[in-house]
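Undergrad: The chain contents come next:
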Amino acid sequence: MDFVDYYKTLGLERTATEKDIKKAYRKLARKYHPDLNPNNKDAEKKFKEINEANEVLSDPEKREKYDKYGKDWMHGEEFEKARQQQSSRSQHQGFSGGASGFSESDFSDFFESMFGGARGSSHQGPVQFKGKDLNADLELNLSDIYKTHRQILTLHGQKIRITIPAGVEHGQEIKIKGKGGKGINGGPNGDLYIKFNVVNDTSFKRDGENLYTTVDLDLYTALLGGTLTVDTFDGKVKLNIKPETANDTKVRLRGKGFPIYKKEGQFGDLIVTYKVKIPTQLSEKEKELFKALQKLR
Amino acid sequence: MGRRELILIETLCIQYEVEASFIKELHSIGLIEIEKIENDEFIHEETIGDLEKMIRLNRELNVNIEGIDVVFNLLQKEIKMQEEIIALRNRLKFYEENK
Chain A
1 MDFVDYYKTL GLERTATEKD IKKAYRKLAR KYHPDLNPNN KDAEKKFKEI
51 NEANEVLSDP EKREKYDKYG KDWMHGEEFE KARQQQSSRS QHQGFSGGAS
101 GFSESDFSDF FESMFGGARG SSHQGPVQFK GKDLNADLEL NLSDIYKTHR
151 QILTLHGQKI RITIPAGVEH GQEIKIKGKG GKGINGGPNG DLYIKFNVVN
201 DTSFKRDGEN LYTTVDLDLY TALLGGTLTV DTFDGKVKLN IKPETANDTK
251 VRLRGKGFPI YKKEGQFGDL IVTYKVKIPT QLSEKEKELF KALQKLR
Chain B
1 MGRRELILIE TLCIQYEVEA SFIKELHSIG LIEIEKIEND EFIHEETIGD
51 LEKMIRLNRE LNVNIEGIDV VFNLLQKEIK MQEEIIALRN RLKFYEENK
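Note that the protein sequences, when read in sequence, are chains A and B. Just so we're aligned: 6 in my numbering is position 6 of the first sequence, and the numbers increase by one with no gaps anywhere. Just so we're aligned: 41 in my numbering is position 41 of the second sequence, and the numbers increase by one with no gaps anywhere.
Mixed in with the good hints there might be a few duds.
What the hints assert, rightly or not - Listed below are the simulated DSS-like cross-link pairs for lysine-lysine, each with C-alpha atoms no more than 27 Å apart in a straight line: (1) 195/A to 80/B; (2) 65/A to 46/A; (3) 41/A to 77/B; (4) 262/A to 80/B; (5) 275/A to 93/B; (6) 177/A to 36/B; (7) 275/A to 242/A; (8) 177/A to 80/B; (9) 175/A to 93/B; (10) 80/B to 41/A; (11) 77/B to 31/A; (12) 93/B to 250/A; (13) 263/A to 77/B; (14) 263/A to 80/B; (15) 205/A to 93/B; (16) 205/A to 80/B.
Think of the hints as simulated: they come from the structure by calculation, not from any bench.
Here chain B stands alone, though its shape is the one from the complex:
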């Protein structure tokens, strides 16, 4: 497994102009992982994209934390379904070509 960069939550709060409580709530609902090292709390750099999405959903569409959870679950489902569609399309193409 490659090296995982950690970003201090305080830094994120300043950069994105969000309250630390918002990030902690996202963590409490299981949407992001927080890592504690001594007295500092961090999130993994690879989850920044998701965190930004959550901030935008909250800020731009007024979606609350529970709503964000629902949206993310549905988006995950959509991704899985898209993958399934690709596999099924390829399979259909295979059978159509071999009719």
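Next comes chain A alone, as it looks inside the complex:
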């Protein structure tokens, strides 16, 4: 457990006045408040630190004790005596709960040790607030999200059944209402935000709703035309190859791409790129014939 320099946290000198403390605290709170920094863990951590610093420094009694014993919190009978005498009569000037959720357990070990974790409150009655919003990551295979499906997750000991719509994007987040932290003083539960990490387990490349694939085309079919069977996400299709198809020619198969998010029955396109394969290890006969062809050109 390390000593926490509350003055440093608020960017103040030890000689700071009450007004200086309030001003520094308000300035930092405006910068790091969780409502202004959604899903920013660093800001949340910083916010808790400045809240704790303010909890101590804005309370004359706590500040005096901190100034007197702060650095020597681990030593001396006097400190222990003072710790035991700590009561919860102090006035709270910090933030309330809610999405900026700040509970006793959010204080550092140093604070808990010095002030016994007791936290006064200036609230007259129990104010109800929505519980804390929670975040979770969910890894999905690209092949899983081709169709809308249901999944049961176990989070924080509770089973949550979610519907994952087809076509979700990598990095996309969905909100599950009421599955976050418990409401404060009987307030509604917070929400659960699930972020999808999509892993491509297929040979297709995905760009939004469109899929891309590359297929080999033999030289003779490329030159003379013919048919080619190509894999799509939901089966095989037979393609007609025009005569004299050049290498890297792209064809667009409408509606054979990925499902469009929240647009049931609508799909993007599949773009097929032909890679013409040049025959190798030519026989003498083949060489002769190619030379003959060359002469014709």
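Chain A is fixed; fit chain B onto it per the hints.
TA: Relative to chain A, chain B alone:
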């Protein structure tokens, strides 16, 4: 469209210890929707999260109603930009993988 729960403004004022005038001002600036049924005024349950945020901004950071409006507009912009960043990152990844 699913069923939308309505919560009486009076109840909210008691629960959150705010004046009804505060909620009405938020409504007048277009930040929350108020529904009037006979003589009672309600807000939709799904906007509670936003309302709480507005109360905290006002109470904890001393942000006035106009300031809350500005903050919400900027947060909306940020959400849109985040979505755009995700889409662009995925697109960049696609092109990098296919170099």
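Undergrad: Hint by hint, say whether it matches the structure.
TA: Cross-check of the supplied hints:
no.: 1; hint: 195/A to 80/B; result: holds, 16 Å
no.: 2; hint: 65/A to 46/A; result: holds, 23 Å
no.: 3; hint: 41/A to 77/B; result: holds, 20 Å
no.: 4; hint: 262/A to 80/B; result: holds, 18 Å
no.: 5; hint: 275/A to 93/B; result: holds, 22 Å
no.: 6; hint: 177/A to 36/B; result: holds, 25 Å
no.: 7; hint: 275/A to 242/A; result: holds, 14 Å
no.: 8; hint: 177/A to 80/B; result: holds, 20 Å
no.: 9; hint: 175/A to 93/B; result: holds, 25 Å
no.: 10; hint: 80/B to 41/A; result: holds, 20 Å
no.: 11; hint: 77/B to 31/A; result: holds, 18 Å
no.: 12; hint: 93/B to 250/A; result: holds, 21 Å
no.: 13; hint: 263/A to 77/B; result: holds, 24 Å
no.: 14; hint: 263/A to 80/B; result: holds, 20 Å
no.: 15; hint: 205/A to 93/B; result: holds, 10 Å
no.: 16; hint: 205/A to 80/B; result: holds, 25 Å
Violated hints: none; the structure is consistent with every hint.
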